[in-house]
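*Asks:* As you go down the protein sequences, you meet chains A and B in turn. If you're matching positions, the first sequence starts at 1 in full-length UniProt numbering and goes up one per residue. If you're matching positions, the second sequence starts at 1 in full-length UniProt numbering and goes up one per residue.
By construction, these hints were calculated from the structure, which means they are not laboratory data. Hints are not guaranteed to be accurate.
Stated by the list, open to error - With a Cα cut of at most 25 angstroms, we get these calculated DSS-like pairs of lysine-lysine: (1) K10/A <-> K48/B; (2) K327/A <-> K307/A; (3) K10/A <-> K105/B; (4) K10/A <-> K40/B.
Said to hold, decoys possible - Chain A residues, not near chain B, derived (Cβ > 10 angstroms throughout): (5) L41; (6) R59; (7) M89; (8) T103; (9) R118; (10) G158; (11) A230; (12) L233; (13) L257; (14) K284; (15) G298; (16) E320.
Don't be surprised by glycine CBs; every beta carbon is placed ideally from N, CA and C.
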Amino acid sequence: MARQTINNAKLGAFVLGGLLFLILLLYMIGRNRSLFGSTYLLKARFENVQGLIPGNNVRYAGIQAGTVKKIDILNDTTIEVSMIIETKMENIIRKDAITSIGTDGLVGNKVINIVPGRSNAAIAIEGDLLATKKALDTDEILNTLSNTNKDVAIIVSGLKSTVERINNSSALWTLLSDETIPADIRNSATNIRLATSKASMMTNDLHAIIGDIKDGKGSAGILLKDTAFAYNLNEAAMKMRSVGVQADNLSTQLNSLVSGIQNDINTGKGPANSLLKDTSMVNKLNKSLDNIQMGTDGFNQNMEALKKSFLFRGYFRRQEKQKEAAKRLP
Amino acid sequence: MSIRSDFKSFLDVCGELFRFSLRFFRHGFQPPYEFSEFLKQCYVIGYKSLPLIGLTAFIMGIVLTMQLQPSMADYGVESQLPAIVAIAIVREVGPVITALIFAGKIGSSIGAELGSMKVTEQIDAMEVSGTNPFRYLVVTRVLACTFMLPVLVMLGDAISLYGAYLGVNIHTNTSFNLFWTQVFDNLVFGDVVPAFIKSFFFGFAVGIIGCYKGYNSSKGTEGVGRSANSAVVVSSVMIFIIDLLAVQVTNIFGY
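Using the sequences and the hints, build the whole thing.
*Replies:* Quick look at the structure:
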């Protein structure tokens, strides 16, 4: 019977060992899934949860804070994620904290990252809805990278052809390997040095000239510095001004004269007015002109009579012959 | 023997095994219970198997880790080695390897023991003396197998994980604390519970097949050897069939 008791003790230890390990396993897993211990619930709404599943971890500033409890589709663009948060975070997570969906490593499980907000909002309580931020999608990153790669490839091929052209360019290599160029450059440098020394001398001269001008030497100096000259100039200017004043007077007088004449003409004094305005005079003139015309008609008749008289016929014939000779000659 | 008679004998065995199982359930849940014999069998079947199971589990943990390490390093996820080894051990390697070793040790011993009792007509003598041999021999052994194998699987998992910890430390310097955290961060109930439940079925299969083969042993010492042998073979195959069913059932439930 004693042997049986020993057997039982060993058997008991064996079975208990197995059960303890089972319980430990289940407890450790349960603790990680936040099944034990006090928790509270926070929510966040996303447009795309990128493969998040219940049980994924929730991290606050990188520290394990809880797990995703469930994911509900509210409508076609809103997905609500409920998170179980451990009570130890109760006094830390604020209402303005921002949640985003990230990845644990490059290819790991999805995680929800909660980062603190800027302001000192109130502490988040059970059931609060936290703000969300659209996370960088790996696909988008890879797309951008692919574009960048293409650009880099284009740039590299361009660089390659440039380098090839440089390598193939004999002119450049001649330029680089030509030993006369350094000597030339040295000569140029010497010339430049000479030029600068000359320029320096020139500046000194200029300096001296400016000094002379300041002292009133030379015509420029006189122009700028001589007070008598300035007085003369001033006097001349004043004279010119007085001439201008006189010219002004003259033009005023002329103006009054002209206006007087105009007035005379308009009011009917003098011959000019009668010439321009008197209609009786016009009649008289017309009569005189008629008389003159009649007088000349009479004179014409007298002349015709003269041509026909024998006394003067010879004279007229001679005159016609001279005209014909003048026509023939040229 | 034609294929047809082979097939008929296979169906015969299946039918008999099913009736044997029904008989176990009919007798197993009716008093009087042979409790002290059950404890004795638990001691023999469970406790006495622990050294063997422990050794194989320990070696399995180290070997699995060392085999996975180069591939994991190739993919640049060597840091995930504890997690993947833990999942492999808890989900599949632990229960199946333990059950196979258990089948080899216990299945054969039950088959041989009951076979020799049958051959030497001890079972008949028991029946004459008024003890129900089925209840005394079969029910206690099958129950002991069913309840001890899960315990062995759990202990085997623990020892395997310790082996894995040593295996991980061959190539990297991982503290026990980090190993522990990584293992339990990546295990879920869906890994542990189905594995734990299926190990009951493994234990039951090993016990019932061993008892059936021994109880129906043919006469002569040759029959004892054959029943021991076929108990191991059939129960090993049965373990794989149950495993196949279990993985499908767990997939249906989404684990």
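*Asks:* Would you mind marking each hint as holding or not holding in the structure?
*Replies:* Going through the hints against the structure:
Restraint check for K10/A and K48/B: the C-alpha separation of about 10 angstroms stays at or below 25 angstroms, so the hint holds. For the proposed pair K327/A and K307/A, the alpha carbon gap of about 23 angstroms is at most 25 angstroms, so the pair holds. The hinted pair formed by K10/A and K105/B meets the criterion: a straight-line CA distance of about 19 angstroms does not exceed 25 angstroms. Under the criterion of a C-alpha separation no larger than 25 angstroms, the hint pairing K10/A with K40/B is consistent with the structure, at around 11 angstroms.
A cut-off of 10 angstroms between C-beta atoms confirms that L41/A is not in contact with chain B; the least separation is 21 angstroms. Taking the minimum C-beta to C-beta distance to chain B, about 13 angstroms, the non-interface status of R59/A holds against the 10 angstroms cut. Distance to chain B confirms M89/A as a non-interface residue, since its nearest Cβ pair spans about 18 angstroms, more than 10 angstroms. Every C-beta of chain B lies more than 10 angstroms from that of T103/A, the closest at about 14 angstroms, which supports listing it as non-interface.
Every CB of chain B is more than 10 angstroms from the CB of R118/A (nearest about 32 angstroms), matching its label as outside the interface. Even its closest Cβ contact with chain B, about 34 angstroms, leaves G158/A beyond 10 angstroms, as expected for a residue assigned away from the interface. No beta-carbon of chain B comes within 10 angstroms of the beta-carbon of A230/A; the shortest separation is about 94 angstroms. Look at L233/A: its CB is around 96 angstroms from the nearest CB on chain B, clear of 10 angstroms, so calling it non-interface holds up.
Non-interface call for L257/A relative to chain B: holds, since the shortest CB-CB distance, roughly 115 angstroms, exceeds 10 angstroms. A cut-off of 10 angstroms between C-beta atoms confirms that K284/A is not in contact with chain B; the least separation is 134 angstroms. The beta carbon of G298/A sits about 144 angstroms from the closest Cβ of chain B, which is more than 10 angstroms, so the claim that it is off the interface holds. A cut-off of 10 angstroms between C-beta atoms confirms that E320/A is not in contact with chain B; the least separation is 138 angstroms.
Going down the numbered hints, you'll see the structure goes against none, and every one checks out.
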